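Chains A and B supply the protein sequences, listed in that same order. If you're matching positions, the first sequence starts at 1 in this note's numbering and goes up one per residue. If you're matching positions, the second sequence starts at 1001 in this note's numbering and goes up one per residue.
One thing to keep in mind: the hints can contain errors.
As the list claims (entries may be wrong) - Within a straight-line C-alpha distance of at most 30 Å, the following computed BS3-like cross-link-like pairs (lysine-lysine) qualify:
| hint | chain 1 | residue 1 | chain 2 | residue 2 |
| --- | --- | --- | --- | --- |
| 1 | B | 1036 | B | 1429 |
| 2 | B | 1225 | B | 1040 |
| 3 | B | 1040 | B | 1198 |
| 4 | B | 1202 | B | 1014 |
| 5 | B | 1284 | B | 1201 |
| 6 | A | 55 | B | 1192 |
| 7 | B | 1129 | B | 1284 |
| 8 | B | 1330 | B | 1201 |
| 9 | B | 1330 | A | 72 |
| 10 | B | 1036 | B | 1202 |
| 11 | B | 1063 | B | 1192 |
| 12 | A | 55 | B | 1378 |
| 13 | A | 130 | A | 90 |
| 14 | A | 66 | B | 1198 |
| 15 | B | 1331 | A | 66 |
| 16 | B | 1378 | B | 1244 |
| 17 | B | 1129 | B | 1202 |
| 18 | B | 1063 | B | 1378 |
| 19 | A | 62 | B | 1330 |
| 20 | B | 1351 | B | 1331 |
| 21 | B | 1009 | B | 1129 |
| 22 | B | 1201 | A | 66 |
| 23 | B | 1358 | B | 1244 |
| 24 | A | 55 | A | 72 |
| 25 | A | 62 | B | 1350 |
| 26 | B | 1129 | A | 72 |
| 27 | B | 1192 | A | 62 |
| 28 | B | 1192 | B | 1036 |
| 29 | A | 55 | B | 1225 |
| 30 | B | 1129 | B | 1192 |
| 31 | B | 1284 | B | 1330 |
| 32 | B | 1014 | A | 66 |
| 33 | B | 1244 | A | 66 |
Hints listed in this document are in silico derivations from the structure and should not be mistaken for laboratory results. Remember, it's a predicted structure, so these values are computed and weren't measured experimentally.
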Amino acid sequence: MRHTLAVLVENQPGVLSHVAGLFSRRGYNIDSLVVGETEDPGISRITLVVEGDEKVIEQVSKQLNKQVEVIKVNDITNEKIVERQLLLLKVAADTAIRMEIMQIVEIFRCRIVDIGKRSLIVEATGDEEKIEAIIRSLRPFGIQELVRTGKVAMVRGTK
Amino acid sequence: MNGAQYLIKFFENKGVEYIFGYPGGKVIFLYDVLGKSTLKHVLARHEQGAVHAADGYARVTGKPGVCFATSGPGATNLVTGIANAYLDSVPLIAITGQVGLADIGRDSFQEADIMGITMPITKHSYMVKDIELLPAVLEEAWNVATTGRPGPVLVDIPSDIFSGTVDFSATTHNITTRKGPRKNGLEEQISKVLEAIKMAKKPLLMLGGGIIASRAWEQLEEFVKYTGMPVVTTLMGKGAIPDKNTNVLGMVGMHGIPAANLALNSCDLLLAIGVRFSDRVTGKPENFLFDTTIVHVDIDPAELCKNVNTEIPVVCDAGRFLTAIMTGFKKEKQTFQLDEWLSQINEFEKKYPLLYDKEKTLKPQYVIEETARIAGEKAVVVTDVGQHQMFVAQFFPLGGIRNFVTSGGLGTMGFGLPAAIGAAFGRPKENILLFSGDGSIQMNIQELATIAQNNLPIKIFVLNNSCLGMVRQWQELFFKEHYAQTIFTYNPDFIRLAEAYGITALRISEPEEAKGIIVQALNTEGPVLIECIVDQSENVFPIIPPGGGPHEMLGRWQGETHISRIG
């Protein structure tokens, strides 16, 4: 099963390689990893998606907790969360089919951020399912380049 | 005050007595200050020697070992020693010089990313990039190395931080305080343990190095006396309790004492304290005691359920745990009826004693047994790695506190000689015995110079079987006697080699000579190397073949002439 971990770490050089190194050393697989500064500039948040059973995830959390720069590890897999990925996708788009692509973009409520002679760049944010759906819908037109971030996630506020 | 002066003063204030190290270009400034301080520097002949010596010192004293090395090759030479200390949870602080701040990342002369290299084998590695942070980093490094589960810490310091000057009284000392073990749920776990002990008919106590790190000897003694519970130890737990204590069955694991392994296999409750269920103890972890209730106590939560699933995991310091359990026993006036269980164990001991053939040729076990008899249980015993290490674990009864120094987790050949140096500095008034092999000793033989220079009274037993005995043994048993690269067809003359360093050397070739020469060696002042020409074909038994369980021991049992599986 895939787990989403939110890891607060000290914002220092070398922390990311340390955390990534821990995973390779102990033989855990990272599906995705996103890191960025938080509301406190001294603290970064790493959002990790890790594949593994309960036992593996428990070990991962414990090993992370042992690291000096790690402040807190939260497994938010079963929490109510807002999760987002960012996608940039360059799709082949001759004038003849531009309208069709733009309609798809409209349906998914994403944006066109660059118009080239023979291509468009589409920007999309959403959860994994939405991102996958967009890619699937645009694939028939010919994807020239694709880049996406891993997942960032935040636990929802109490209602 | 400059950075080097601050660092030296820091260690002085921490009560550090010895620095084990080796100078070089990027630590010249540091050594200049060190030479004018009250700290005593032990000059090794290789950085690996320095780090193992610091490790040995830490193990026999319980205080952190400190070592210095220069940048690049000096720092990378520490790597094996740091990994060794990491796997055995030894508090160690390694200070390495680094190229100047402006030169970092340019592949400068003698530059290596030692912080990156050592990150996976330390509790933490630091690089001081701002002199203002030096006090905080040193304080935190000390704190990390010595608290919780101890371990090595590396601090990499660019040369201009040593020479830079700053008003340290004005710098901040904010450090990250270590998170202690969580205490919530502890009481509940303790009462579960009490209940499990109450229900158990065949409880067994298994002790690891955590008992020693926690200094829990007194609590342990009380616990064992009160409960009468049989005790087994891991290799790292050896010395946690005197071997002569009648409750102690000895070491478990691949080359464990047969009765200890059989008890492990037969118990219905395993109370494992400060162990990490290494593969040398468990064999295949999935098969390990799957129908036994296991209580696992460790200060490091990541050890619980890492290798073996346990019914009752307890995150706690060993000493505090034992105290809590004793309080529980006393409150309930708990009594123990273990006679049936103890007589079963007694049967194991009678039926499967440790045997070897003392006649004809000189056996390594015989040398160790005789030395133990003559030197007594209070000697500080250091080993290298291989067959001789297992023979010492099996045949040298220990009785003192922090008296056993061995490379358990990493199994580092070449550890023994420099570790004995550290032990000799840490425990200057005691007998230091080193058992090594002709393979291991040659891996850090240069440290004979350090021993000679400091006239350290180490008695160095080189059990010379002209081969790499442990691997040779595996080749004999599991590789159809194909002895690939394990037989030393050429060895130096160890007697002349020792003498070249100015060290007294003696040789034992026949069993009859052993006693006399051991007595002579132990009565000689200063270092002595005793080369023992032992039987090449001798194997360590019992042996649990890879993947086997604790009861699946191969050995030559009482009244039998051939090697067989027990039972």
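query: Do the alpha carbons of residue 1063 (chain B) and residue 1378 (chain B) lie within 30 Å of each other, as the hint requires?
result: Between residue 1063 (chain B) and residue 1378 (chain B) the Cα gap is close to 20 Å, so the pair holds against 30 Å.
message: Between the alpha carbons of residue 1330 (chain B) and residue 72 (chain A), is the straight-line distance 30 Å or under?
response: Cα-Cα ~39 Å, so violated.
- prompt: Is the straight-line distance between the alpha-carbon of residue 1351 (chain B) and that of residue 1331 (chain B) 30 Å or less?
  reply: Not satisfied, since the Cα-Cα distance of roughly 39 Å exceeds 30 Å.
message: Against the 30 Å threshold, does the CA-CA distance of residue 1331 (chain B) and residue 66 (chain A) hold or violate the hint?
response: It is violated: about 36 Å lies between the C-alpha atoms, which goes past 30 Å.
message: Would the hint linking residue 1040 (chain B) and residue 1198 (chain B) be met if the CA-CA limit is 30 Å?
response: With Cα atoms ~53 Å apart, residue 1040 (chain B) and residue 1198 (chain B) exceed 30 Å; violated.
message: Just to be careful, I want the Cα atoms of residue 1009 (chain B) and residue 1129 (chain B) compared with a cutoff of 30 Å; is the pair within it?
response: Holds: residue 1009 (chain B) and residue 1129 (chain B) sit about 20 Å apart, inside 30 Å.
Restraint check for residue 1244 (chain B) with residue 66 (chain A), where alpha carbons must lie at most 30 Å apart: The hint is violated at about 37 Å.
- prompt: Does the structure keep residue 1129 (chain B) and residue 72 (chain A) at a Cα separation of 30 Å or less?
  reply: Measuring from Cα to Cα gives roughly 25 Å; hence the hint holds.
query: Straight-line Cα separation of residue 1201 (chain B) and residue 66 (chain A) no greater than 30 Å?
result: violated, 37 Å
message: Next pair to validate is residue 55 (chain A) with residue 1378 (chain B); report whether the Cα-Cα distance is within 30 Å.
response: Distance of about 43 Å is beyond 30 Å: violated.
Given pair status - residue 72 (chain A), residue 55 (chain A), alpha carbons within 30 Å: holds, 19 Å
- prompt: When you check the alpha-carbon spacing of residue 130 (chain A) and residue 90 (chain A), does it fall within 30 Å?
  reply: Holds, because 17 Å separates the two Cα atoms, which is no more than 30 Å.
Hint compliance for this structure: hints 2, 3, 4, 7, 9, 10, 11, 12, 14, 15, 17, 19, 20, 22, 25, 28, 29, 30, 31 and 33 are not met, and every other hint is.
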